[in-house]
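The two chains are supplied separately, each in an independent frame; assemble them into the complex guided by the hints.
Residue numbers (our numbering), protein chains in the order written: chain C, 3 to 262; chain H, 237 to 653.
FYI, nobody ran anything at the bench for these hints, they're computed from the structure.
Heads up, a few of these hints could be off.
Subject to a maximum C-alpha distance of 16 Å in a straight line, what follows is the list of computed EDC-like cross-link-like pairs (lysine to aspartate or glutamate) [as the list claims (entries may be wrong)]:
| hint | chain 1 | residue 1 | chain 2 | residue 2 |
| --- | --- | --- | --- | --- |
| 1 | H | LYS516 | H | ASP534 |
| 2 | C | LYS185 | H | GLU613 |
| 3 | H | LYS341 | H | ASP424 |
| 4 | C | LYS185 | H | ASP418 |
| 5 | C | LYS243 | C | GLU38 |
| 6 | C | LYS185 | H | ASP425 |
| 7 | C | LYS170 | H | GLU267 |
| 8 | C | LYS72 | C | GLU255 |
| 9 | C | LYS170 | C | GLU140 |
| 10 | C | LYS176 | C | ASP152 |
| 11 | C | LYS207 | C | GLU140 |
| 12 | H | LYS308 | H | GLU613 |
Note that the structure is predicted; figures quoted are calculated from it, not measured.
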Amino acid sequence: MALSNYISEQLAAREGSSRGALLMTHVVCGYPSFEENWQELEIMAAAGVELVELQFPFSEPSADGPLFVKANQQAIQNGVHVDDCFEFMQRVTDIFDFKVVMMGYFNTVFKTGPRDFMQRLKAAGGSAFILPDLPVDEAGELHELAAELDLDPIVLMTPTNSPERLQKLAQAAKGFVYCVARKGVTGSQTEMNAEVADFLSTCRKYTDLPLAVGFGVSQKSDVDFIASHADIAVIGTAALKTWESGGAPALTEFFAQLAA
Amino acid sequence: MDLFDFKDGREGYYGDYGGTFLPEILHSTIEELKRAFRDAREDPSFWQEFVELMQSYSGRPTPITHLANLSKQLGGAQIYVKREDLNHTGSHKINNVMGQGLLVKRMGKSRVIAETGAGQHGYATATMAARFGFHSKIYMGAVDVARQRPNVFWMENMGSEVIAVRDGQQTLKDAINECLRDWVTNMDDTHYVLGTACGPHPFPEMVSWFQSIIGREARDQLMALSGRLPDRVFACVGGGSNAIGLFQGFMDDSDVELVGCEAGGFGPGKGNHAARLAYKDASVGVAQGMKTYFLQNDDGNMLETHSVAAGLDYIGVNPVLVHLWEQERVRFEAVTDEQVTEALKLTMRSEGLIPALESAHGFAQALTEAASMSTKEVVLINMSGRGDKDIFTIADAIGDDHWKQFIRAKANEYGTE
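Isolated chain H, as found in the complex (with noise of 0.2 Å):
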């Protein structure tokens, strides 16, 4: 199944859902980028300079790991984590910015702006664009500079300018309204890197388009090491960038079971979190450049979201990842917070990982599936970030009594400005 050949459809459109809807001022900027893509795409040896520069500079492939540990002790399938956390930058982010980095050389422009939520694409930008020599300009919500520090740190230790946004929630969101603001102003020498696969086409098929070197990697390693193909395929879903880039790898596979595990926040009721899939109260909307769903009230205004995970905050979702639903292809699951600490603690317990919160709700999700699953079968899920960058959200969800020590030792060393 080649989800992005609009032959017998409309361009950028995934069923209902997708398209461009952006000011016309962008208009020529959004051709210059399907037509920089569509001649990267067509070229195989972008691909291959692409995969090249991933292995020499993030260490791709990643590996996959068997939790023998945790699947034991679970009693039910094996248990295998595609190890994008072991990326640099600590999450799969890197390979949709190494991928628009490549892209921004090829369309000769020099600096790049980025939104960021949990502060991992961000990171990946920042990176990128020291290493490729870009201007770089990162917009993130105030709130998420907040809970997300030790991101905006090596943001700006690698050159970043880091814009702390106070409009509207001071999320994801309103970082990705603000990068619109900026780029309707600096197009000419400046490249969006939206960092997961929504906004306005080519964004959802581009960023899925590197994101499938996940998928790719995944569905070959874990025949070689388990001889066959998964039962179920788990992965969590902000946006949607990592799903996508696992599940890609599965298409055509069609016993393989994937499923998108949501923000259940602290469960369901509007502003409680961010489900649009898995809750009811998410409906059909056009917002950030894109038609899909979105938690919105009857006005069509964007509610409050809620999730423990920075990055999975978000109030709209790919729109593949829609299309891929009401064919029902992908199944989606909400994981509260609660569920996601219990993972997390579990997790690093048996196995010694360290999931980042975004990623411990596709491992509770999947690890209570496993439970009730045979030991013959086999479930994957992508662990898309590592946690240390979460250590003080963490901190205080299993209310370490040391690391508050260390934290007032810190602050008193420091003393007051």
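Bound-form chain C, shown alone (with noise of 0.2 Å):
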């Protein structure tokens, strides 16, 4: 099923219900290891995510903060490969119900070979990708050849672009849009203001797609606000640093409090 029908039905199916907006939530492969990150994983699918990113490791990742910075540091000093990110792609997406997300820079892909990578995330059974360093400008080719596959290109709208720049992205995108919440790095908390609703609104004009809210949201009050102008809540940084600080069962409650 195309991405943006699969979010289509479990928006309908969300409807009437306390969580509004769907969940898409993000690991580092291998940080702090598979195994947690499994454990992770299965706390995240019995809260109900739809969605999940998988994040293949870059020594340069420098759209990420400091605690994604030092997760993709450690997970390549733990010996982490492209073809370990695959092959884990593949078990998640053998077990478990939601959507998987190749996430990650556009170095990975172009060292890997892009017809290459994009074949290897179709047979581990992703559904999209998302490279915050690719500008549309430069994704023509990669684009083309995920066109091919069915692989949607995860197209990114910021609250800096002008209309003109909307529209070229809104012509790229497929699946969905990512909104970028506000200017930085991941992380930081956002306050989830007018402006910020201001900025979807504007999304929403230039495309029909499912629009994700990301960049620092970390409550549920985050997610209702979300649920009330856009479509997917991403939740990154926070649940890393939940699981950081408290395992499992903090993880397992910071779901619980999200989704009630």
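Spelled out as structure tokens, the structure:
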């Protein structure tokens, strides 16, 4: 099923429930370890998370904040390779119902070979990919390869984009659009206010695709806010922080509170 | 040859290399910078203002010195040196920095950030910020902070905040990542003063343009001094800004051979050096905003690098130079730490000049080649910076006992905290 159809169905199923937005969570492959990744994913699946980003670690994660920077570095030090990430993705998509989105930096794809990488992503059961350092202007060839394999390139819209740019981004987008709630890197708090709401309604003008909101989403009130202005709440750093401070019980509690 | 005429190709590309690979949030900032740079480039009064500033503030034009003693001693080519070390702050870095400073004024921004490896670029940026009244923050790998304290001292005393970056290898590339993180947060009032001809378009073009002042001066000066064009031109290549700056003066002189000298470190073998093109350990990748050759593994993760010279210890290389290398317009050679130390000692003893460890890579290669050339031939070396800043590293490398005694005495004088 196409990713956008899956998202529409899931959204329809959520109608009238206490959590109005879908959840997309994030794990960095092999950090702290693949075993712990698996435990995190079990908790996320039990909480009914609809989408999960599996980040392939990269040595220069320039769009990430301190916690994910450390996670990327540690994973590489742990000896995590691209092969391991695909193997893990295969195991994940075999078992879990949520859809898997590859997240990473373009060099990982480029160095593997774009065609090879896309084929392996497809074979491992991935649905889409997010490459924050690959602007649409440079992505033509990769997006064509993706289209052949029915993989969706997730495009980012940001508060600094001009109307002309948003139009261009919308044309390249498939699956859903990732709306970056604020300037900066991943991980610091975002105040979900009228400014964010305005930005989301601007994005909405340019695309009919579902809108995901990320960067600094950490609490139930954020998810509620996103439910009324967009479709998918992206939980990244907050979940990893919770896992690091309190392990499985804390993460279970964290998602129970988010999904309440 | 106009390297920066993109009419027949993609803007910001040199052959297959270059481009703009940045997070979407910076798209409008980069567009703004491209416009400001283009306006400045097309405005002859801007270049005039730049040249006048460099004359009054940095002592330009820097001279060319004939190394008469060394030329005689080696018995080969006549060796000339372009003295970028005589710039204010002691290196060619100030050319690019003052140029970008003028651009920042045109864009109406009030804050600048910069990465620095050896510290020369950070030092120059701190100077520019003080002069123009900008707030400034300098990101520097913690390893580099430890080995280049004198530059950190000057940056801080000129009012810059110096941040020791503790991610990754804690060197130049990590400082660049940290600058990008600052920039995606603060782009409204902040300009990122990238220090070398790397990174996303328009930086390779812009930095090359400001640094072309070296080559423009050098060609005329050398013609006046030696009555002829050089046979070979040598420059060290870390990111590649001093090299492209000097080389541009001779781009249309097809008989002039251009030689880029990379950090051979301990010699060939992954992790031992920072020679992207001269050795065979690098491959094409996309990182730090550009597509170029990187020292990376099969997963596209960057390798450790090593050089005695902090300013050459970089994973990537200027995409313009890669293109020129593929066109066989620029030859690349690697120079090991050991060769560098020997060349430095020889230059100090024979000529009383102290090239920076970075620049000494160019010297080492040039001296080796000059020895087997004819006495009528001419070589030109870019002395991109002065070596005083490297006193700690050089003293270590040559094992100077008097220096060690001095440091011990100084430490005793300060006592424990």
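Earlier hints that do not hold, by number: 2, 8, 11
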